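Participant: Here is what each chain is made of, one letter per residue.
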Amino acid sequence: MKMPKRRRLAIAAAVTVLICGGCGKERDLSPSGYAGAELPQPKPKPAFVLTSMHGGSFDFRRETDGFLTLLFFGYTNCPDVCPVQMSNLAAALDRLPSDLSRRVRVVFVTTDPARDTPARLRQWLGAFAPSFVGLTGTPEQLTRAQLDAGLPPAVQASIGDSATARDYTVGHAAQIIAYTPDNLERVHYPSGTRQQDWAHDIPLLLQRDRQ
Amino acid sequence: MTWWCSATGQTWTWAWRPYPGVWLFVACLAAGYWALAWRGTGRAPGFGVAGLLLVWVLLDWPIGALGAGYLVSVHAVQFLLLAFVVPPLLYAGVSAERWGWLEERIGRGRALLVITHPVVAGAGFNAIVVTTHLPSVVDGLMARQFGAFAVDFAWLLGGLLFWWPVLAPFPARAGGALAKIGYLFVGSLVHTALGMWLLLSRFPVYGIFELAPPLGGRSAVVDQGIAGGLMELIGGLIIITSIAVVFFQWVRREEAERLVHR
Numbered sequence: 001m002k003m004p005k006r007r008r009l010a011i012a013a014a015v016t017v018l019i020c021g022g023c024g025k026e027r028d029l030s031p032s033g034y035a036g037a038e039l040p041q042p043k044p045k046p047a048f049v050l051t052s053m054h055g056g057s058f059d060f061r062r063e064t065d066g067f068l069t070l071l072f073f074g075y076t077n078c079p080d081v082c083p084v085q086m087s088n089l090a091a092a093l094d095r096l097p098s099d100l101s102r103r104v105r106v107v108f109v110t111t112d113p114a115r116d117t118p119a120r121l122r123q124w125l126g127a128f129a130p131s132f133v134g135l136t137g138t139p140e141q142l143t144r145a146q147l148d149a150g151l152p153p154a155v156q157a158s159i160g161d162s163a164t165a166r167d168y169t170v171g172h173a174a175q176i177i178a179y180t181p182d183n184l185e186r187v188h189y190p191s192g193t194r195q196q197d198w199a200h201d202i203p204l205l206l207q208r209d210r211q
Numbered sequence: 001m002t003w004w005c006s007a008t009g010q011t012w013t014w015a016w017r018p019y020p021g022v023w024l025f026v027a028c029l030a031a032g033y034w035a036l037a038w039r040g041t042g043r044a045p046g047f048g049v050a051g052l053l054l055v056w057v058l059l060d061w062p063i064g065a066l067g068a069g070y071l072v073s074v075h076a077v078q079f080l081l082l083a084f085v086v087p088p089l090l091y092a093g094v095s096a097e098r099w100g101w102l103e104e105r106i107g108r109g110r111a112l113l114v115i116t117h118p119v120v121a122g123a124g125f126n127a128i129v130v131t132t133h134l135p136s137v138v139d140g141l142m143a144r145q146f147g148a149f150a151v152d153f154a155w156l157l158g159g160l161l162f163w164w165p166v167l168a169p170f171p172a173r174a175g176g177a178l179a180k181i182g183y184l185f186v187g188s189l190v191h192t193a194l195g196m197w198l199l200l201s202r203f204p205v206y207g208i209f210e211l212a213p214p215l216g217g218r219s220a221v222v223d224q225g226i227a228g229g230l231m232e233l234i235g236g237l238i239i240i241t242s243i244a245v246v247f248f249q250w251v252r253r254e255e256a257e258r259l260v261h262r
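Which chain is which? The protein sequence lines are B and E, in order.
Sequential numbering from 1 applies to the first sequence in the working numbering.
Sequential numbering from 1 applies to the second sequence in the working numbering.
With the rest of the complex left out, here is chain E (with noise of 0.2 angstroms):
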């Protein structure tokens, strides 16, 4: 039995091929998911169902299997998806209601105040980054199920763990929209580099992808100048996008708030 989606350096094809672990991870998931977010407030978060969606769509055939061992595009859209996307997806289908209960119940321990800590959750969540896209790390990692899981699941965690700062109401920070600016424009450059590395390295920097049978028509140096084209694009947009979202919230803010001490 297959559980997850690795790179076996078998030759593609079409059939449909289940990943039992991928729909016990899913669910487990939305069961946290549930717990955490949903209990209670009588109505499905829309964000959250997407998110979770993406993370089964992402992480099951045939998105999982080709990003797992024939193409590196596919795989810098799984990292991009699971670590950009999914984070804010999942937040923001959070009610303030059950934004208010978790704060009651975890918002003073002093791990989250240490995790969540801007310095911290961009350090980790770029070293999580820099350690999963290591030549020895992918290619050791992704041959074999549990590795595959490793990534996808840290790339999950990471983007989660980077995201909190930026969309969780608590804890309380000072710095306010400018901070998030900079924190998330900080927590860009890694993977923006990553993307550099990728679009403008000679030769296939994994084995797993260079040595895999032969998918698309195009070559392995090709498939990974477009991973880091989507890496620098994708990830662009949406830091970009995220800023411009800060920035006018924060605009609007202080709009409302003139307007109330006039």
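Just chain B, same shape as in the assembly (with noise of 0.2 angstroms):
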């Protein structure tokens, strides 16, 4: 039996439009157009001074002021949020022209205090980029500046039984957070983020330069 000429057209559109639905799926962008998660009223740049991974004290506002700034609070024995997040990142970061690369700031503020030396975070983010800037700090001053930037404070968690003094998680909030070079703090990123996400939003954002 021979299916009628208009049935295989129809059939056939159906596979096309299924075939080409699946090849790219549509980015669900924010009222701004980011694929980031937009703030619904833009916050200003926290304030807080922390150790940078080369020594030396690091004044976030000041040394980050005028530059799109993505801020990340995480640790380096992290088995999966982190390093896909820096990856992703500095992956992104790696096909955007210079002239735009080099008005971006990264920020990694570790977590883990005790374990992430100074020496810890220049070894594991220069694996990134070499352009990251890690910071630490006392444990007090980690968690004062978590609660400026909004987020929770980090935990600790042991491992199973068999956990010792240096055996743990920590877990920690999973967002990059976004400062435009207005210095207000406008887009979040979740865990998930993906490079053509970054790839979409680092131009955008860095158009909203201060006036």
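Everything labelled a hint here was simulated from the structure, so no lab data went into it.
There's no promise every hint is true.
[Stated by the list, open to error] If we take Cβ atoms under 7 angstroms as the criterion, some of the chain E residues that face chain B in the derived model are:
id, residue
1, Thr8
2, Trp14
3, Thr116
4, Leu211
5, Pro213
6, Pro214
7, Glu255
[Claimed, not checked] Listed next, with one range per pair, are the computed distances between beta-carbon atoms:
id, chain 1, residue 1, chain 2, residue 2, range
8, E, Pro135, B, Leu100, 53 to 59 angstroms
9, E, Ser201, B, Arg103, 25 to 31 angstroms
10, B, Pro79, E, Leu199, 27 to 33 angstroms
11, B, Gln207, E, Trp197, 30 to 36 angstroms
Keep in mind the model is a prediction, meaning the values are calculated, not measured.
From the three backbone atoms N, C-alpha and C, an ideal C-beta is built for every residue, glycine too.
Two chains, two separate frames, one set of hints: put the complex together.
Facilitator: Written as structure tokens, this is what we have:
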């Protein structure tokens, strides 16, 4: 039995739509066109001073003034979220034109000061991008910085029964906070943000320059 | 209980994990293969056993788990071997006697005639290849055990379909060796294009591999480039070798016939 031509065309069209629909998932964008989660109201950039991985103090607000600043709280022994976030961000920055990427500051603040020494931060972040800045401090300073950034403070959790003093994970906020060059917090990038999202958003975020 | 390897998002460890679904699948496949290709012949088909073992190795821990949710390069190797190596091994393990037995039972069926027609088999196989490499399909299916099973099974089934017109002795069709060579060449274009796409993409195309806990110390894009390169290299090598085998078998046959007629 031969299928009517109209039905064959309809099936072919349906298959084409299905296949093409699957080719590229539509990105859900915020009202301002960001792939990240846009805040309803921008907030001012927090001011905190911590210790740089190169030694010396790092005044977050002053050192990042006028840059698109991407702030992340994590730890170098993190098995999943931290390396994926840093790796994807580094890869996306690497593919941007240098006149854009040099206007971006990535700041990684440790939530595990006992194990994340300045040397360890330098080694770990250097594997992603030499321009990434690592910060540490006393537990109190780090808790204060997280609260100032509007995040819940990180908590330690031991691993199984064989936990030792140096054998634990750290539960921490998984998002990267974006402060545009006008020093306002505008967008959050949760765990699961892809390189394409960064490549889409960074040029847009850089347009929010100081008037 | 985890039955089948799928993307879990958990950090990779080298601690062995059981996947009973894989064992069950391989056992069923072996039983079916024994019934169709082996029973009554009195000897184990070496190629067939190699094909079954390869299926097991590709789907079970660690390769199955690595390819399902960590490294797209391992995922590509699974695809290449399940679709391009396992089916020829399984077909090569079937004795002439069993091919005759199969022909008696299914050789004249209209359905077999249709689905093993080179146009249908080639189109069907390439539709499976394209569909199972779409980012939305991979990201959607590989995160679920049944979805990952569907992808693996589709590759094996598609491979069996693709290789039938080349390796099965029936149904007899006109065209001979040159038609088979043309079929193999055209049939390899889609996976070659897919390999090129993976090789040249600026960003990782599959979210599950991009966002998986890192493994092996290389970035998602580099691993994706390796996957694309393997698809070009291994896939191309398999197709070129197959074309060469078909060609030289044809030359040898022609030569033998010429000697007989002299």
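Participant: Which of the numbered hints above does this structure break?
Facilitator: 1, 2, 3, 7, 8
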